[in-house]
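> Here is what each chain is made of, one letter per residue.
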Amino acid sequence: MTRRLIVEPRGLSPWWLKLLIPIGSVVAALILGALFLALTGNDWVEVYSKMVDAAFGSERGITETLVSATPLILTGVAAAIAFKMLVWNIGGEGQLIFGATTAAGVGIWLSSSTPPFVAITAVVLAGAVGGAFWASLSAVPKVYLGTNEIITTLMLNFIALNLMNYLVLGSFSPWRDPDATQFPQGRPIIENALIPQFRLRLDWGLFIAIAVAIIAWFVISKTRSGFEYRIVGDSFDAARYAGIKVPQKVLGTFLASGAAAGLAGSILVAGILGKMDPRSLDLGLGFIGIIVAALARLNPIAIIPVAILMGALNNAGPALQSIGVPAATVQILQGAILLFAVGGEFLILNRIRRPERPAEEAPADVEVSAA
Amino acid sequence: MTDRPQSDASPAVELRDMDKSFYGVFANADVNFSLARGEVHALLGENGAGKSTLCSVIAGLYRPDSGEMLMDGEPVAFKSPKDALAAGVGMVYQHFRLVANLTVAENLALGNPEVGLRLSQSELEAEARELGERYDFPVDPSARIWQLSVGQQQRVEILKMLYRDARILILDEPTAVLTPQEGQGLFRAMRTLADEGRSLIFVSHKLHEVKQVSDRVTVLREGRVVGEANTADAEPRDLARMMVGKDLELPTRAPNESIGDPVLVVDNLSVQDDRGLDAVDGLSITVNAGEVVGIAGVSGNGQRELAQGIVGLMKTTGGSVELSGKDITGKSVLQTIKRGIAYVPQSRLGMGLAPGLDTDDNLALKQFREAPYSKGPMLSPKAFKTKGAELIEEFDVRGVRTGLPIRLLSGGNLQKALIAREVTQEHCVLIARSPTRGLDVGATATVREEILAERDRGIAVLLISEDLDELLALSDRLLVIYEGKIVGEMPASDATAERLGLLMSGHSEEQPA
Chain A
38 MTRRLIVEPR GLSPWWLKLL IPIGSVVAAL ILGALFLALT GNDWVEVYSK MVDAAFGSER
98 GITETLVSAT PLILTGVAAA IAFKMLVWNI GGEGQLIFGA TTAAGVGIWL SSSTPPFVAI
158 TAVVLAGAVG GAFWASLSAV PKVYLGTNEI ITTLMLNFIA LNLMNYLVLG SFSPWRDPDA
218 TQFPQGRPII ENALIPQFRL RLDWGLFIAI AVAIIAWFVI SKTRSGFEYR IVGDSFDAAR
278 YAGIKVPQKV LGTFLASGAA AGLAGSILVA GILGKMDPRS LDLGLGFIGI IVAALARLNP
338 IAIIPVAILM GALNNAGPAL QSIGVPAATV QILQGAILLF AVGGEFLILN RIRRPERPAE
398 EAPADVEVSA A
Chain B
3 MTDRPQSDAS PAVELRDMDK SFYGVFANAD VNFSLARGEV HALLGENGAG KSTLCSVIAG
63 LYRPDSGEML MDGEPVAFKS PKDALAAGVG MVYQHFRLVA NLTVAENLAL GNPEVGLRLS
123 QSELEAEARE LGERYDFPVD PSARIWQLSV GQQQRVEILK MLYRDARILI LDEPTAVLTP
183 QEGQGLFRAM RTLADEGRSL IFVSHKLHEV KQVSDRVTVL REGRVVGEAN TADAEPRDLA
243 RMMVGKDLEL PTRAPNESIG DPVLVVDNLS VQDDRGLDAV DGLSITVNAG EVVGIAGVSG
303 NGQRELAQGI VGLMKTTGGS VELSGKDITG KSVLQTIKRG IAYVPQSRLG MGLAPGLDTD
363 DNLALKQFRE APYSKGPMLS PKAFKTKGAE LIEEFDVRGV RTGLPIRLLS GGNLQKALIA
423 REVTQEHCVL IARSPTRGLD VGATATVREE ILAERDRGIA VLLISEDLDE LLALSDRLLV
483 IYEGKIVGEM PASDATAERL GLLMSGHSEE QPA
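Listed in order, the protein sequences are those of chains A and B. Taking my numbering as reference, the numbering of the first sequence is continuous, increasing by one, and the terminal residue is 408. Taking my numbering as reference, the numbering of the second sequence is continuous, increasing by one, and the terminal residue is 515.
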């Protein structure tokens, strides 16, 4: 007798499952990674212990992990708040880079006697505004003309990247350091605009990022505006019916998403970089933010630990090279984690079981199986 | 269907002592059922009586826990609907299984092993057209499914089964989605099919339909067969009693004592549909306080645009809407909510309710902006809980759990929740579209009582429905909408199904009533 497995939607997913699946995804990815390492003739135990050591084994390791996590928290929040409203903003990358561009622009333009608090605030906010502006290039056509934001945000990533490269590497714009004689590089922003570091290279940007994640969670779950956001994210028609202005809501969310990504750019510029450095900004942080958001199941608070994990992986990459393992191993792991997390999402929403004695599904108009 | 073996008089399908339970709860118990060749056999029962389970067992979707199933006297055990279809059993579900982007002909060919790799459009279309004409089911075979009305899509589903030469056809509440005219067309086709020797199972909870179209009727209650009869011999009253287990009570309408002043005045209103045509075309209605005004009409004659135009979900292009003497033409939805228009839309999930949010959230879907739900810009989770619990209790909404998406509730409970929210907000007008569509007898009665209670509270009620029974039972005054205009008006006491039917199908009366 053939026995097909039954897939059925869960009503309420138990909390432990919501926790178990992301953790399971990471473990599964690590196992896959170990397999890969073993097949390529590496000692996976050594590689993993090296990675843990690099990420968490020393004060320097820990602070560097947190330094790497800071922009990922912000790009993660950027992706999460957009995705939750079914706005597929995959332009966190471009919004981050353009945010860095505007932040650096302001940081260069400011008089060097600007008081630190004012200067830092101006530079950091300039990044948010820049990110929001870059997002608006996709958001406005989406909301008013119905263009597909997946395509526009993706294309704008390349434009932002090339614009940055042009400003620093390909022209003598104000962003380029006139004193750099050997290789072109970004002009440093004024000293007073630099975010103070409190532990090695770790600066206060981390707390800005954490605050943004907490604010996002708070607004969504505790405020009236967040309730409107949740309704729109669930059903456009129900939102219209409830008297919510859906286009404005979508536009606002899209811009907020861009602002969060732009903030990641300005915190890098005003933090560890001190200038617009194309090589350090072109690391795919916007894309890793999407992985972070998915693994955190779009929950802004969960983004914080997930971003730290991803930061640790990023941080461990260079350490691997010292033992002859390609740094790209880290990317394999990150990709595998995303795949498992997306697959695991299915298990959170559905349950699979054998059609045994209490057979099949419950009453009335039940479909054969979830499509 | 030419040389089918008809060796003896054994029934086309027979179930013996069939049991089927889910999680230890019986959906069908000791069911004995037999379907003769060439008959239309009605299955009558309330929602949850086990009709769908019975059909699904015959169609191979579920396997019975015990008991036997025979076809033409031979025991059969289907492992899947595919098996059943190969044996000649086809089911048309309430939710169609068609591919929206494919054409009618392509949908017919889909999954048919005989079609093989042959994919000649013209051949497929010719076959589809021929099949449609044979049963007086005209559908354009080259049309894509999404372009078709619901009634036409249902024809495609039936044709799909006929294309596979199903000789046993199960129709699960087919008329729920049809206009009365389309329903008549379906009934004619059902008779043609039966005359060809096919057997049909017809699921319904409408007595007059059963009476009109079926040869035999089996009544189910709580999973068991409680009666079987030749339809011609069965008194509707008896069937109703068997179905509910007691005498059916139509809502007793207290005579309307106090009709008040005009509250909702719609004057010469025009609303365009999505294609830019005047779906509502210079229409005028007045609804007074404490009055139920029913709008009858075949669906697609401007009902949706009328309701959405009044509440601000669609733009009006002419005329005016006044609420208690104040002009509200073209106001936003938020404005019409605040000024007191409650609205029960036809689509519960996805319009009236946000499917993924829980019941408490949905009960606050409109009033969340005000106290006690909101304090300034902040929400009060406690108010969501207490207000939610209050309404759930008062309106007897069942199956609710905090955090559980409301879409998992049954149709009746969804509608109770929706109505609970609409009638408890501050309002002076209630607009309801087909509020009892698809509900079982119990939920229907609750909803109807609630609408009459609204009237007694002095609310002006505009009831837009395709269900004449409902309109006759609830309305004080009846209007008929046809092609976006009101073509007839009468006190409910003067209305007859015949008169309404004529007006709804576009026969104008000599004189305005």
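You may find that some hints are simply not true.
As the list claims (entries may be wrong) - Among chain A residues calculated to face chain B with C-beta under 7 Å, some are:
(1) Gly78
(2) Asp271
(3) Phe273
(4) Pro284
What the hints assert, rightly or not - Keeping only pairs whose Cα atoms sit at most 27 Å apart, straight-line, the calculated DSSO-like set for lysine-lysine is:
(5) B:Lys81 <-> A:Lys282
(6) B:Lys340 <-> B:Lys328
(7) B:Lys377 <-> B:Lys340
(8) A:Lys286 <-> B:Lys387
(9) A:Lys282 <-> B:Lys387
Bear in mind the hints are in silico, worked out from the structure with no lab data behind them. Think of the CB as a built atom: it goes at the ideal place given N, C-alpha and C, for glycine as much as any other residue.
> Against this structure, judge whether each hint is valid.
Now for the hints, and whether the structure bears them out:
Against a cut-off of 7 Å between C-beta atoms, the interface hint on Gly78 (chain A) is violated, since the closest Cβ of chain B lies about 48 Å away. Look at Asp271 (chain A): its Cβ gets to within about 4 Å of chain B, closer than 7 Å, so that hint holds up. Using the Cβ-Cβ criterion of 7 Å, the hint placing Phe273 (chain A) at the interface with chain B is not satisfied: the shortest such distance is roughly 9 Å. Of the supplied interface hints, the one on Pro284 (chain A) is violated, with its beta-carbon coming no nearer than about 12 Å to a beta-carbon of chain B, more than 7 Å.
The straight-line distance between the Cα atoms of Lys81 (chain B) and Lys282 (chain A) is roughly 50 Å, outside the 27 Å bound, and the hint therefore fails. Distance restraint check for Lys340 (chain B) and Lys328 (chain B): the Cα-Cα separation of roughly 13 Å lies within the 27 Å cut-off, and the hinted pair is therefore satisfied. Taken as a hint, the Lys377 (chain B) and Lys340 (chain B) pair is honoured in the structure, with Cα atoms around 18 Å apart against an allowance of 27 Å. For the hint pairing Lys286 (chain A) with Lys387 (chain B), the CA-to-CA distance comes to about 26 Å; that is within 27 Å, so the pair holds.
For the proposed pair Lys282 (chain A) and Lys387 (chain B), the alpha carbon gap of about 26 Å is at most 27 Å, so the pair holds.
The structure fails to meet hints 1, 3, 4 and 5 from the earlier list, while all remaining hints are met.
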